[in-house]
Structure formats: C-alpha cells, structure tokens
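Chemist: If you want the building blocks of each chain, they are given just below.
Protein chains: 2
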Amino acid sequence: MIFPVIMAGGTGTRFWPKSRSRFPKQFLEFNQEESLLQATHRRFSALVPDHQIYVVTNKRYSNRVNTQLTSLPPANIIVEPMRRDTASCIGLATTFLSNVRKEGVMVIVPSDHHISREEEFLDTVRAAVQTATVTDCIVTLGISPTEPKTGYGYIKQGEIRDGMPSSGKRVYRAAGFTEKPNLERAQEYLAAGNYLWNSGIFICRVDVMLEAIAEHMPKLARSLDRISKFIGTPEQDSEIRKCYRDMEKISIDFGIMEKADNILVIPCDCGWDDVGSWSVLGTMLPRDSYGNSVRGLHVGIDTSNCIIIGGDSKLVATLGIEDLIVVQTRDVVMVCKRDRDQEVKELVKLVKSPELRKFW
Amino acid sequence: MIFPVIMAGGTGTRFWPKSRSRFPKQFLEFNQEESLLQATHRRFSALVPDHQIYVVTNKRYSNRVNTQLTSLPPANIIVEPMRRDTASCIGLATTFLSNVRKEGVMVIVPSDHHISREEEFLDTVRAAVQTATVTDCIVTLGISPTEPKTGYGYIKQGEIRDGMPSSGKRVYRAAGFTEKPNLERAQEYLAAGNYLWNSGIFICRVDVMLEAIAEHMPKLARSLDRISKFIGTPEQDSEIRKCYRDMEKISIDFGIMEKADNILVIPCDCGWDDVGSWSVLGTMLPRDSYGNSVRGLHVGIDTSNCIIIGGDSKLVATLGIEDLIVVQTRDVVMVCKRDRDQEVKELVKLVKSPELRKFW
Numbered sequence: 001m002i003f004p005v006i007m008a009g010g011t012g013t014r015f016w017p018k019s020r021s022r023f024p025k026q027f028l029e030f031n032q033e034e035s036l037l038q039a040t041h042r043r044f045s046a047l048v049p050d051h052q053i054y055v056v057t058n059k060r061y062s063n064r065v066n067t068q069l070t071s072l073p074p075a076n077i078i079v080e081p082m083r084r085d086t087a088s089c090i091g092l093a094t095t096f097l098s099n100v101r102k103e104g105v106m107v108i109v110p111s112d113h114h115i116s117r118e119e120e121f122l123d124t125v126r127a128a129v130q131t132a133t134v135t136d137c138i139v140t141l142g143i144s145p146t147e148p149k150t151g152y153g154y155i156k157q158g159e160i161r162d163g164m165p166s167s168g169k170r171v172y173r174a175a176g177f178t179e180k181p182n183l184e185r186a187q188e189y190l191a192a193g194n195y196l197w198n199s200g201i202f203i204c205r206v207d208v209m210l211e212a213i214a215e216h217m218p219k220l221a222r223s224l225d226r227i228s229k230f231i232g233t234p235e236q237d238s239e240i241r242k243c244y245r246d247m248e249k250i251s252i253d254f255g256i257m258e259k260a261d262n263i264l265v266i267p268c269d270c271g272w273d274d275v276g277s278w279s280v281l282g283t284m285l286p287r288d289s290y291g292n293s294v295r296g297l298h299v300g301i302d303t304s305n306c307i308i309i310g311g312d313s314k315l316v317a318t319l320g321i322e323d324l325i326v327v328q329t330r331d332v333v334m335v336c337k338r339d340r341d342q343e344v345k346e347l348v349k350l351v352k353s354p355e356l357r358k359f360w
Numbered sequence: 001m002i003f004p005v006i007m008a009g010g011t012g013t014r015f016w017p018k019s020r021s022r023f024p025k026q027f028l029e030f031n032q033e034e035s036l037l038q039a040t041h042r043r044f045s046a047l048v049p050d051h052q053i054y055v056v057t058n059k060r061y062s063n064r065v066n067t068q069l070t071s072l073p074p075a076n077i078i079v080e081p082m083r084r085d086t087a088s089c090i091g092l093a094t095t096f097l098s099n100v101r102k103e104g105v106m107v108i109v110p111s112d113h114h115i116s117r118e119e120e121f122l123d124t125v126r127a128a129v130q131t132a133t134v135t136d137c138i139v140t141l142g143i144s145p146t147e148p149k150t151g152y153g154y155i156k157q158g159e160i161r162d163g164m165p166s167s168g169k170r171v172y173r174a175a176g177f178t179e180k181p182n183l184e185r186a187q188e189y190l191a192a193g194n195y196l197w198n199s200g201i202f203i204c205r206v207d208v209m210l211e212a213i214a215e216h217m218p219k220l221a222r223s224l225d226r227i228s229k230f231i232g233t234p235e236q237d238s239e240i241r242k243c244y245r246d247m248e249k250i251s252i253d254f255g256i257m258e259k260a261d262n263i264l265v266i267p268c269d270c271g272w273d274d275v276g277s278w279s280v281l282g283t284m285l286p287r288d289s290y291g292n293s294v295r296g297l298h299v300g301i302d303t304s305n306c307i308i309i310g311g312d313s314k315l316v317a318t319l320g321i322e323d324l325i326v327v328q329t330r331d332v333v334m335v336c337k338r339d340r341d342q343e344v345k346e347l348v349k350l351v352k353s354p355e356l357r358k359f360w
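If you read the protein sequences in the order shown, they are chains V and H. Heads up: the first sequence begins at 1 in our numbering, then just goes up one per residue. Heads up: the second sequence begins at 1 in our numbering, then just goes up one per residue.
The shape of chain V in the complex, shown without the other chains:
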C-alpha cells in the first residue's frame, strides 16, 4: 500500500512578496490553475485514492491545506505544532503511518516543487515503490543535472543494483550525499557525470524509516515513541507539542541520508524544478517576443527579458527596462535584478523589522 506524504510546512521566503508568512509558496498558483500543493496532490491522485495521501504541515497552514485540497480527508492532515526541519516532519508522518500499516511504502515529497513530465515522474515513483517494497532500503529520486547549480544538494551515484523490481528503471546505490556545493565543486560534479541533484523525494517502507531513525537519530526516535502512544487520544496534540519543543532542527539529509548505508537512488528525468526563486518563472511561464514572462495586466515600452507578476485588478507599467523582476501585490511592489533573485530572502530579513513586519 502506497502512502504519499506531502511535506507542506515551508515558508518560501524567496517568493516574497507573493509568498507571505501566512501564505507560503506551496499555496501559490504559479500557472493560474492550481497551486504547487494542489499539483503535487493531483499527481498522486493518479496513483492512489485520497485516503492514502497524507499532508504534514504547520498548524498555521492546516486550514489552508484543507481549503486547497477539498477531497483530502481532514484526518490525513498531520499537524506540526511548530517549525522544526524535515527529520521531525518525516518522523511524525512515519509515526502516524506506523499505526496504519507498517509495511506500507511512503513516498515522501516536498509540496512546492514543479514537475513538467508527470508520466515519467510517476513511472519512476512506481519503480521506486517496487524497489522499496522488497528491500530494506530508502530509495531516493536523483535528478540528472543540466547545469552546475549551487542551490541544490547532490547525490553521488554508486554501483548499479541489479535484480531490483523496478520496471526497467536503473537503480543505483547512493554513494554519498553532499550539501550545496560552491560553483567550482558543482562544475566538477557536472563534469564527473555521476552526480545527481537531490530532489528531496524519498521512498521507503514505514518500518525501514522507523529503523533508520532509531539507528541514526535515537533522540528523535524516543520522542516519536512517546508520541506514538498518544496518537488518537485526547492528549495527542499536547504530547506532540511537548515533544516538538525539544526536537532539534535537523534535515532528514543531515540526520539520516548522509549517515545511512542503505540508500538507493533512481535517476529521474521528469522536468523537476524546486521553483527556488522568481527567475524560475521565466522558464515556467510563456515568453513574449521580447523575452518577457508576464502574469496580470501589463503595459510596456522597450521592456525585455523581464518577469512581471501583477494581477487582474492592478496594472504594471514599464518603460526602458530589461532583466528585471517586478512583482506587485496588494501592498508591496518588489523590483529586483533578475540575477539577484536568490537574495530576495535577504530583503525579507529587512522586512521582518518591527515597523515593516506587516509586509511579511
């Protein structure tokens, strides 16, 4: 039995001012049809019925998840009382699912990524599920890199694992996880040809994840053990809160993946993008003949290679500009050089000052 576990607790500061503290990136509709969360949910709806799909999110976003995913049983929204990192998030989901079916296979995915070739993605997920079902391994999806990105973690592809039931997909041992590299290192990885981008997508049986946590994160394991005893009881939420207070902010990559030796990786060429910053929209939205990607009402003279995000009730007007990102919201306008969009999170730090806090 497959359990997609969608992680939807992030904040997405790099998409400010559209993403806000109360309305982060995963809830945004970048293509004007569905939010990234809705798209993530829809992809898995093709694979399993709704009652098998789980969403883990922060308590401040649980209503929004409920509103955006109307077909999802509310009980499938697992609520974190405060922000920790992915290790706690995945640990909590694993704990809930261990009460449902220990031999079930979790497909743990971020809620805020874009996938353009969905069939290829699902085929790879199916292969990963087949592999995870019969091995005591955690299977990751590795994205074939197309450029030396410094914003991604990388997975070193080890020797091939033959004999896996993987529908023709090749399965490799993961020979190492690395943090985000500098440019020189990233270029080496790309040239070496045996490094893959870490998609943050993990597929494994519930019991395998429980064991990995017990082995590599014993403190987290003890907290989850305690939580497990209270699931379904009136004390559930207060116990989770109590345990969360003491949990460390550690990513699953750092807490488990970099240490465990039972990690497999399946290369996946599914048009994956983590939608990490505004300039990505330049590749996701259609471009006009001047290279502009426009959402909302816009008039321009001599405007080229810009990303312009407005709305239907407001107007963005541009004159004599190029290579800029202009984002207009109800109360904020941001103008940013296109190649500086990674620094938007630095702007957000300034906006968090007391007198401007309402704009975050």
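Some hints could be false.
Put simply, identical chains are the same to the list, so a pair is met inside one copy or across any two.
Only pairs whose alpha carbons sit at most 16 Å apart, straight line, appear in this in silico EDC-like list of lysine to aspartate or glutamate [what the hints assert, rightly or not]: (1) Lys156 - Glu188; (2) Lys314 - Asp331; (3) Lys259 - Glu179; (4) Lys337 - Glu322; (5) Lys358 - Asp312; (6) Lys219 - Asp269; (7) Lys314 - Glu355; (8) Lys337 - Asp323.
Derived by calculation from the structure, the hints in this document are not laboratory data.
Starting from the known structure of chain V, fit chain H onto it as the hints suggest.
Modeler: Chain H alone, transformed into the frame defined by chain V:
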C-alpha cells in the same frame, strides 16, 4: 492693483501614475507639505490679499481647487467648460478682470511649477509689475538656462530697456520666442548666452492683453467680447460653453508672443523648474548616500540613483537596481529607466485604451 492669475487646467501626463485624469500634477504634493498649486497660491499670498488672486481651471477640477485653496473666494475660480490651450485660458481670465479693473496688472502663472528661491521670484515679479504698470508691454520672466534643455521654449534676449521702474532688475526687449528646439539648437542657444528659458509667466495690464488679443487673435477677441457681455448674468456659463466650442487650441506663445513686438523680458534666477517629469524629483527630494530619492516606505539592497515614490501604507522593495524610477500607487506600479521619463506620456497613451482606461 495686482491680479495673480493661476492657470490650473493642465493634465500632467508625464507624472502618471500619480497624476491621473481626475487628479493632475498641480494638485500633487511633491514635498509632502503642499501641492504645486498650493505653493503657487502661497507665494502670491505674500504679495496681495486673496480676493485679488484668480485661478482658471477646467470644470472637472474646480472642486479640487476649492478644496485645496480654502481661503480663496469661490468666485475667484474661473471655470473653463472644456480644454482649449493657454490663449483661451488667458483670454477668459482677462475678460473677467476687465470687468474688475482694466488698469490692473495681471501676473499670469502656471500652477504646476516649482520655485526654490521665492524671495528672488517675488522681487522679479514686483519689478515686472512696475514695468508693466507704466508701459504698454507684456513682461515675461526669462530663466537663465543652466543646460541645453530641449523640453523648454526659449526667449531671445534683445537690447536692454533703460529707464524702466524695475527695482534694479534689468529689463530687455524680447527679440523672439522659439518653440522647443532640438539638442543642437539648444546647445547653440546656451553657448550664445543671450537666450532665456520661457517660464510661461507673463505680466501685463489687463487692457494691454486685451489689445494684444484684438490685434493678433481677432477671432478669439470676438468670442471674448461676446462672453464679456454675459459675465455675471444667468447665461454666463452657457455662453462661455458656446464660445469655447469654437475656440482654437492655440498657446499664448504661438498666438501672441511670437507675433507681438511689445514683449519685454526680465531675467530671473529663482530656482525655477517646470517639474516636467519624474526625474526632476531627484533634484527636489533629498538624496540618500546611494543617490536615491525616496518618498514613502522603502527597503532596498544594492539600490542606487533611483527615484522611489510609494506611500505610507504600502512598501516598495528593491534589490540590485540602479537608475530607475519606481512609482507605486493604489492600483498601478510604474518602473521606468531614469533617462526615459519624458516618454511616460507614451505609456499613458497605451493606458488610454478601453480595457485599461480606468488606470488613467
């Protein structure tokens, strides 16, 4: 008796999106204290009592004039029923004033200019009034040019007129009015040293202006004659409307100044600026150490030489930009290269399309 006549019927498209069809430039507060119209009125309040100050404006703006100039008697707001040009506007004011005092001296000024050295301005106005009182001439104020501006008309300074009562100011014959020149011509003017910018400020007795209109614009004179008969009667407004319908759109410069030979000019170094476009604000507003002139809430990283105009309830955020003008209003944001601000009126032409008209 001095009659300041403030012309306040313009539209000011180059300050879009702050200036709008219903709220043109003269009503904007560029310095956060008073509008250009209010500043114009205040300057003359030092010279004459309010009942001698007249404002000519379009009917759609008369309420706004009334609201901004609370001390002005409402009867001193002369209302044009439709947009003509400065010849009709000045003609109408002259007609009204000829019913008040024919030997009075009008000081005709635009409502949307900025003057930084007000004492010098008033001293020059006083000199011009003295001269206009005793000659049958129209006195203009000529601004000593500091750069070869192509956006201004120029006045050629002729021989000096000695013996004028002008409080020590030098009075010259105006040897010619020219339209806005091209850059080459403007550079010649600047090098020649005997050209002044045409400020659009004219000082003359009421009867002198009436005669000039009669001589150079006989058709306008006939319309004004007709209007004159109905001033103060119940038919006044409908007669003005009837006459205005047939009036030509001609500026006072083209209709009279370029033809008349009784024009004098007094050079004036009063820090005059016609506030012709957004970049002027860069010189009027204080600059921070990065060369930015900011109004309203702003956060920036690596932002230099920008003019940023927002408000107190909205935020402008900038990252990695230079030499831009960013203007944020309730419903529009404009981003414009600083040296292209003269073309904002071209943007306005696009905005006048049916589907965007509400933004003009």
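Chemist: With reference to the structure, classify each hint as holding or not holding.
Modeler: Quick rundown of the hints versus the structure:
Taking identical chains as interchangeable, the C-alpha atoms of Lys156 and Glu188 lie at most 16 Å apart only when both belong to the same chain, with a minimum of 12 Å there against 71 Å between chains. In the homo-oligomer, the alpha carbons of Lys314 and Asp331 lie at most 16 Å apart both inside one protomer (11 Å) and across protomers (5 Å), since each shortest distance falls under that limit. Taking the shortest alpha-carbon separations for Lys259 and Glu179, only the intra-copy value of 13 Å comes in at or below 16 Å, while the best inter-copy value is 79 Å. In this assembly of identical chains, Lys337 and Glu322 lie within 16 Å of each other by CA distance both inside one copy and across copies; the values are 9 Å within and 9 Å between.
Taking the closest pair of Cα atoms, Lys358 and Asp312 come within 16 Å of each other only across two copies (12 Å); inside a single copy the shortest separation is 23 Å, beyond that limit. Taking the shortest Cα distances, Lys219 and Asp269 never come within 16 Å of each other, neither inside one copy (36 Å) nor across copies (79 Å). For the identical chains of this complex, Lys314 and Glu355 are inter-copy neighbours only, at 12 Å across copies versus 26 Å inside a copy, given an alpha-carbon limit of 16 Å. In this assembly of identical chains, the alpha carbons of Lys337 and Asp323 lie at most 16 Å apart whether taken from the same copy (6 Å) or from different copies (12 Å).
Hint compliance for this structure: hint 6 alone is broken.
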